[in-house]
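Participant: Position chain B relative to chain A; hints supplied.
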Amino acid sequence: MAITDEMILHATKELYSRALRKVPEDAKAALAQAMTTETDETARHTLELQLRSAELAEKKDRFVCSDSGVPVYFVKVGAGAELKCDFKTSIRAGYEELVDTIEPPMLKHVTNPLTLERSYHGKDMPIVSYDFESGIDYVEIICSPKALGSGRWAAMELFTFPSLEEIETYILDVAIKAGAQHCPPVVMGVGIGGTFDHCAGLAKKQTLRKIGTTNPDPALAAMEERLFRAVNALGFGPMGTGGDTTVLGVHVDYASGHGFTPVAVAFNCWINRRTSVKIWGDGRMEWGE
Amino acid sequence: MTLREHDLTLPLTEDAVRALNVGDIVYLTGEIFATAGMPTHDRLLGCLDGVEDLPFDLKGGALFHLGSLNEEGEDGALRIVYMNPTTSTRFNAHMPRLIPGLGLRATGGKGGLSAESAKAMAEAGCVYLAFLGGGAEIITAGIRRVTGIGWPEMISHYRIARIEVDRLGPLTVGIDAHGNSIYDRTTAAALDKRQAILEEMRKARGA
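If you're matching them up, the sequences are chains A and B in order.
Under this note's numbering, the first residue of the first sequence carries the number 6, and numbering increases by one thereafter.
Under this note's numbering, the first residue of the second sequence carries the number 10, and numbering increases by one thereafter.
Bear in mind the hints are in silico, worked out from the structure with no lab data behind them.
Some hints here could point you the wrong way.
Straight-line alpha carbon distances no greater than 27 Å define the calculated BS3-like cross-link-like pairs of lysine-lysine that follow [said to hold, decoys possible]: (1) B:LYS128 to B:LYS202; (2) A:LYS182 to B:LYS202; (3) A:LYS182 to B:LYS128; (4) B:LYS212 to A:LYS182.
Chain A with its partners taken away, still in its complex shape (with noise of 0.2 Å):
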C-alpha cells in the first residue's frame, strides 16, 4: 500500500478547482466578524458583498474571481509516508488535466515575463516547493493559487542587524505602499530572517495559516497584535473605500540567521484561496482548508 502517481494527479487537480470556489471557512468567519466592529457604512456594504459573494460561488459552484491566478503548491513529504509516485510528473499532469477539463474554463493567466504572452502553461508551471516532515505518515499538499491582486504587493528588504522598531516599521510601510491593490480585507504574512529565499518562504507559508489562531511564540503573538492594530489603524478599509478592517489577519514567523535579516511581507486577498489534503498509503484522502 503506497501513495501513487493516481492520487497524486487527482489531487493537484482537485485542490485547486475547489481553491477557485470555496472560501475558506475562517475566511468568512473573520468577514462576519469584522461586520460587527467596523464602523464605516460603505466598508460594512463591502464586507456584506464579499460574504455575498463567497456564498453565490459556493452555492452555484462557480470561480469566486475571475483571476484563477497561478497554480502554486506545496509539498510535505512525512518521514513514514510509503511512497510510489514521481510528484513532479503526476503534480504536472494533474494541472494539465484541469486545464483541459475544468468547467467554466480559467482563464488564461500563465505569463512568460520576457514575451508577456500569456497562456496555460510555461516554464517552472505549475511552482511547486517541496518539503520533509517527521514523525507523519502521510504527504500533506496545500494550494494556494496566486493571482495578480495579493501576488503584485509583496515585498522584501534586507537590513544589518535591524531593530524590532525597524523591522515593523518597515511591514507598516509595505503596507501603506500596498494600500487596497491586494482586494482588502487580506491576511498578511511576515517572514524575518534566515536568507533570502528561506525568508520569502516564511512569509508566503504564514499566508496561509488559519486566520484567528494564536502564535505559539509569546514574542511573535505580541508582534503580530502590534501590526495588526496598525495596519487596521492605517485605516483603507475593504477594497480601499476606507474602513477599520484592512487585514483580518497579521502572521509572522521567523528564522535564525547572519547579522544580515530579510524581512518579507506577503498577503493573500479576502478570498484567501486555499485548500489541503493530506494522503496515506491506504488510499484515505483528507480534505481541508
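Facilitator: This is chain B only, laid out in the frame that chain A set:
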C-alpha cells in the same frame, strides 16, 4: 446614515455623472464595455493616434476594467460565462488620455486610478466606479446579453466586450467628477497617521 443609491441608465448624461459623489452606490442598466487587457489599452491609445479604427464608438460610454470569459458559440451567439474586475491602477499611464480621448462618462474596475486620471475625469465629466474584487457571481448576475466582441483575435480577457446589463452592481463611486478620489483620500490619511501609529507601536513594545 444610509448610503445614497442611484439607479442609472446608460449612456450616462454629463448631469447624471456630475450628480454622483464618492461613496455613493450605483446600479447600471444599458450597454457597457469591458476589457482587462494591457495590450488592449495600448491599442486603444493607438486608435487615438490613427493607427487603426476603434472596434466600437465609445463616445459617452462606460469602459470598465473587467476580465471576462467570453465566447462565441457554434450558433454564433455570444455569451459571457463570468466577469470580474481587474486592477485599474495598471492602466494609470493610459487613462488620463483615454478618458477625454474616447469621451468616456464612466470607467471603473478595482483599486482606483491615479490623481492624474481623477483630474482628467473632473475635466471631462467622468466617474470611476468600484466593483467588488472577487465578486464574479454578483457581477455576472447583472449581464443580460453580449451585443458585440471587439478584437476577437485577442485572448478572452483582452477583448473588448460590449454587454447589455440590467442593474449591474452594486458599484461604489470611487472617484467622482468633482476631483474627489476615495483612493487619494485614504492614502493621504494613512500617511498622515503613520507617525502616530509608529508611536503607538513603540509604546506597545514597552520601549
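Participant: Against each hint, give a clear statement of whether it holds in the structure.
Facilitator: To see whether the hints hold, each was checked on the structure:
1. A hinted pair counts as satisfied when its Cα atoms are at most 27 Å apart, and LYS128 of chain B with LYS202 of chain B qualifies at roughly 25 Å.
2. The hinted pair formed by LYS182 of chain A and LYS202 of chain B meets the criterion: a straight-line CA distance of about 14 Å does not exceed 27 Å.
3. As the CA atoms of LYS182 of chain A and LYS128 of chain B are separated by approximately 22 Å, the hinted pair is consistent with the 27 Å bound.
4. Restraint check: the Cα-Cα separation between LYS212 of chain B and LYS182 of chain A comes to about 24 Å, which is no more than 27 Å; the hinted pair holds.
In summary, the structure agrees with every hint in the numbered list given earlier.
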